[in-house]
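Visitor: Okay, here's what each chain looks like letter by letter:
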Amino acid sequence: MRAYSEGLVLAVVALVGLWGAWQVPAASTGDTWAGIVPFSASLALLGLASFMLGSTAFAGASKPGEDEKQPFPGDVIGLFVIALLYQQSIRWFGYVLPTALAAPVVLFLFGIRSRVGLAVSVILCPLIFHILFFELLGVFPPYGEVFDLLDWIKG
Amino acid sequence: MEIFPALLSVVTDPTLLAAILLAAVVGMIVGATPGLTASAAIAMLLPITFYMSPLFALAFLYVIGKSGRYGGSIAAILFNTPGTAASAATQIDGYPLARAGKAGKAMKVATISSVIGDFMGDILLVAGVGFIAAIALKLGPPETFAIYFAAFVVIGSVIGKSIVKGLASALLGVLVAMVGLDPISSEERYTFGSFELSNGIGLVPLMIGVFVLGEVFSQMEERRKSAGRIDDNQTAADDDSLTWEEYKPCLPHAFRGGLIGAGIGVLPGLGSAIAAFISYGEGKRRATNPQQWGKGALEGVAAPEAANNAVSGPSMAPLLTLGIPGSTIGAILLGVFLIHGIQVGPTLFLTDKELVYRLFACGMLGIAAYGVIGYFGATQVARLILKIPTNVLYPIIFLTSFVAAYSARASMFDVTVMTVAGFVGWLMRRHDFNIAAFVISFVLAKGAEETFRQSLLMSDSGLLIFFERPIALAFLLIGCAAIAFRIRSIVKERRIADGELGDA
Numbered sequence: 001m002r003a004y005s006e007g008l009v010l011a012v013v014a015l016v017g018l019w020g021a022w023q024v025p026a027a028s029t030g031d032t033w034a035g036i037v038p039f040s041a042s043l044a045l046l047g048l049a050s051f052m053l054g055s056t057a058f059a060g061a062s063k064p065g066e067d068e069k070q071p072f073p074g075d076v077i078g079l080f081v082i083a084l085l086y087q088q089s090i091r092w093f094g095y096v097l098p099t100a101l102a103a104p105v106v107l108f109l110f111g112i113r114s115r116v117g118l119a120v121s122v123i124l125c126p127l128i129f130h131i132l133f134f135e136l137l138g139v140f141p142p143y144g145e146v147f148d149l150l151d152w153i154k155g
Numbered sequence: 001m002e003i004f005p006a007l008l009s010v011v012t013d014p015t016l017l018a019a020i021l022l023a024a025v026v027g028m029i030v031g032a033t034p035g036l037t038a039s040a041a042i043a044m045l046l047p048i049t050f051y052m053s054p055l056f057a058l059a060f061l062y063v064i065g066k067s068g069r070y071g072g073s074i075a076a077i078l079f080n081t082p083g084t085a086a087s088a089a090t091q092i093d094g095y096p097l098a099r100a101g102k103a104g105k106a107m108k109v110a111t112i113s114s115v116i117g118d119f120m121g122d123i124l125l126v127a128g129v130g131f132i133a134a135i136a137l138k139l140g141p142p143e144t145f146a147i148y149f150a151a152f153v154v155i156g157s158v159i160g161k162s163i164v165k166g167l168a169s170a171l172l173g174v175l176v177a178m179v180g181l182d183p184i185s186s187e188e189r190y191t192f193g194s195f196e197l198s199n200g201i202g203l204v205p206l207m208i209g210v211f212v213l214g215e216v217f218s219q220m221e222e223r224r225k226s227a228g229r230i231d232d233n234q235t236a237a238d239d240d241s242l243t244w245e246e247y248k249p250c251l252p253h254a255f256r257g258g259l260i261g262a263g264i265g266v267l268p269g270l271g272s273a274i275a276a277f278i279s280y281g282e283g284k285r286r287a288t289n290p291q292q293w294g295k296g297a298l299e300g301v302a303a304p305e306a307a308n309n310a311v312s313g314p315s316m317a318p319l320l321t322l323g324i325p326g327s328t329i330g331a332i333l334l335g336v337f338l339i340h341g342i343q344v345g346p347t348l349f350l351t352d353k354e355l356v357y358r359l360f361a362c363g364m365l366g367i368a369a370y371g372v373i374g375y376f377g378a379t380q381v382a383r384l385i386l387k388i389p390t391n392v393l394y395p396i397i398f399l400t401s402f403v404a405a406y407s408a409r410a411s412m413f414d415v416t417v418m419t420v421a422g423f424v425g426w427l428m429r430r431h432d433f434n435i436a437a438f439v440i441s442f443v444l445a446k447g448a449e450e451t452f453r454q455s456l457l458m459s460d461s462g463l464l465i466f467f468e469r470p471i472a473l474a475f476l477l478i479g480c481a482a483i484a485f486r487i488r489s490i491v492k493e494r495r496i497a498d499g500e501l502g503d504a
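Protein chains in written order, with UniProt numbering: chain H, 1 to 155; chain G, 1 to 504.
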């Protein structure tokens, strides 16, 4: 089942790749088609996906242990959702506020239960990263479109 | 002979020496920490190096890579957990030695052997790289594309458990690299109308995502499976001293391992883990005490350690002369070269020869630095690692990956790319796809495409140009032979496994 679903996902990616390559306009005279490499790579990927699907179907029942049921990675999915929300909230609220909120949440997910530790992370994490990257390295901090705590602090 | 003035100029630069020393310590700690890799550390530190001079940046990351390979042996010997894949072979004899109260002895053997292997690799690199570059200058686009093709196939098929998944990973890397404007015709590819995608997918956010955030996701999953705490082995008082009489039998294994590692290092994609296992197998075959191997033989530590470190130098040869990175660390270093506006390839030895040899000199000094620190301080490094609370470390790495990805180009789009790449990297690891092949192919794809299309423009006979030119044909055949050999070895392994099951 696992090999079958992997083959299916690869086949879908390859078909999207083929469709995307097909959208590339034809080459002008004396030039090569810009879609030739994406098209060839997608075609090769489709071939590999077909091989995976074919060999799974041919082999029938999978070998013992091959389809070992893995537990649903809820923690990882949760962390990924936090990562998505964190990067989006940086766009909306700048760097400082989302980092102050994300730090204790991620520490909690990794098993930190000390209230003092979590509270300290709210201040220390944005402060240290801000000083390191935006003050010392001179990187221009991301500006929050909706509200920026750094702007407010700086008055 | 260019290496001697280069060495002199590096030795007389205290800032550079301090950077090498710092990189040796950082690499050792990162390599020795289970779950952290030198690739992850280099990817994370990459944005910081934008603000350094090219030599400083390259030397810093190059030495972290070297020292990180060595650092893996500390975790393998002390915690029975290889810090890197390359040190898994060291664990076979290293951990039994530690259990027998000889951890200090084993770590000293690992340090000396790593230094021997690494120096052998670097000397061969310095001696041979100019020669390879001179040949590379004479290659035309069809030959260069055929080398790229062979690299794709070898990287995709040789590393990892499955050839199909390895090749699929390489093709996925190529497809992701195609996103953006075509560099020749400026036609949009896979942009789906997005302006941000028309700039393409950045190397730095992709690397940070796959190697750093992906690793954090993996550690989150691992945390649930295990208690998460690494226990130091309970041994009697350690016998730390190592005498010449004890190391003498290890010396031939270290030299043989060094040669095996250096040979494998030149071939893109094979990497240090394969070198270490081949050297271990070969060492055991030739050993006078094969029955002791696997139960705690010092020679069983020397052979793989020399080999996995000897890979480091020669793996730079295809990168510097052809622009083909042989490892993930090489792929990241290629990014550093490009970020600093240095074109990697045969012409590098005409335009920036001094920089290249100064980089080699930094590498050699880095070996000496981690050798001295490791010989006298590996036990202290191990104690330090045991004190690092992983439940604090990984959240910090998580937060660092975001700010590091942003810092590369001050782009929030890069942060989104990094987040998605992290999840994809974790999924690929979970499903046994080959992330090294994915990243290396991503880096190689643009160069391969350029040479492929140049070849087609040169040719009246289309794809036949690759078969009409002998060198190009030879490399295409090497690629096909790599797949054939890999299939043969997999079939052989399965037969042995079936035989063993049948006997049971």
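What the hints contain is simulated information worked out from the structure, not anything from laboratory work.
Treat the hints with care, since some could be wrong.
[To be verified] Far from chain H, by Cβ distances over 10 Å, these chain G residues were calculated:
| hint | residue |
| --- | --- |
| 1 | Ile48 |
| 2 | Gln291 |
| 3 | Phe402 |
| 4 | Phe467 |
[What the hints assert, rightly or not] Estimated spans, in silico, between C-beta atoms of each pair:
| hint | chain 1 | residue 1 | chain 2 | residue 2 | range |
| --- | --- | --- | --- | --- | --- |
| 5 | G | Gln343 | H | Gln23 | 29 to 35 Å |
| 6 | H | Gln88 | G | Phe195 | 39 to 45 Å |
| 7 | G | Phe192 | H | Ile82 | 23 to 29 Å |
Glycine included, every Cβ here is placed at the ideal spot set by N, Cα and C.
Visitor: Could you run down the list of hints and mark each one as holding or not?
Guide: The hints, checked one at a time:
1. Once the 10 Å rule is applied to beta carbons, isoleucine 48(G) is inconsistent with being away from chain H; the minimum gap is 7 Å.
2. The Cβ of glutamine 291(G) lies farther than 10 Å from every Cβ of chain H, with a closest approach of about 32 Å, so its non-interface assignment holds.
3. Not every CB of chain H lies more than 10 Å from the CB of phenylalanine 402(G), the least distance being 7 Å, so the non-interface label is violated.
4. Residue placement check: phenylalanine 467(G) keeps its beta carbon more than 10 Å from all beta carbons of chain H (closest about 17 Å).
5. A hinted range of 29 to 35 Å for the beta carbons of glutamine 343(G) and glutamine 23(H) is consistent with their spacing of about 31 Å.
6. Roughly 18 Å separates the CB atoms of glutamine 88(H) and phenylalanine 195(G), a value that falls outside the hinted 39 to 45 Å.
7. Separated by about 26 Å at the C-beta atoms, phenylalanine 192(G) and isoleucine 82(H) satisfy the suggested range of 23 to 29 Å.
In this structure, the earlier hints numbered 1, 3, 6 are contradicted, and the remaining ones agree with it.
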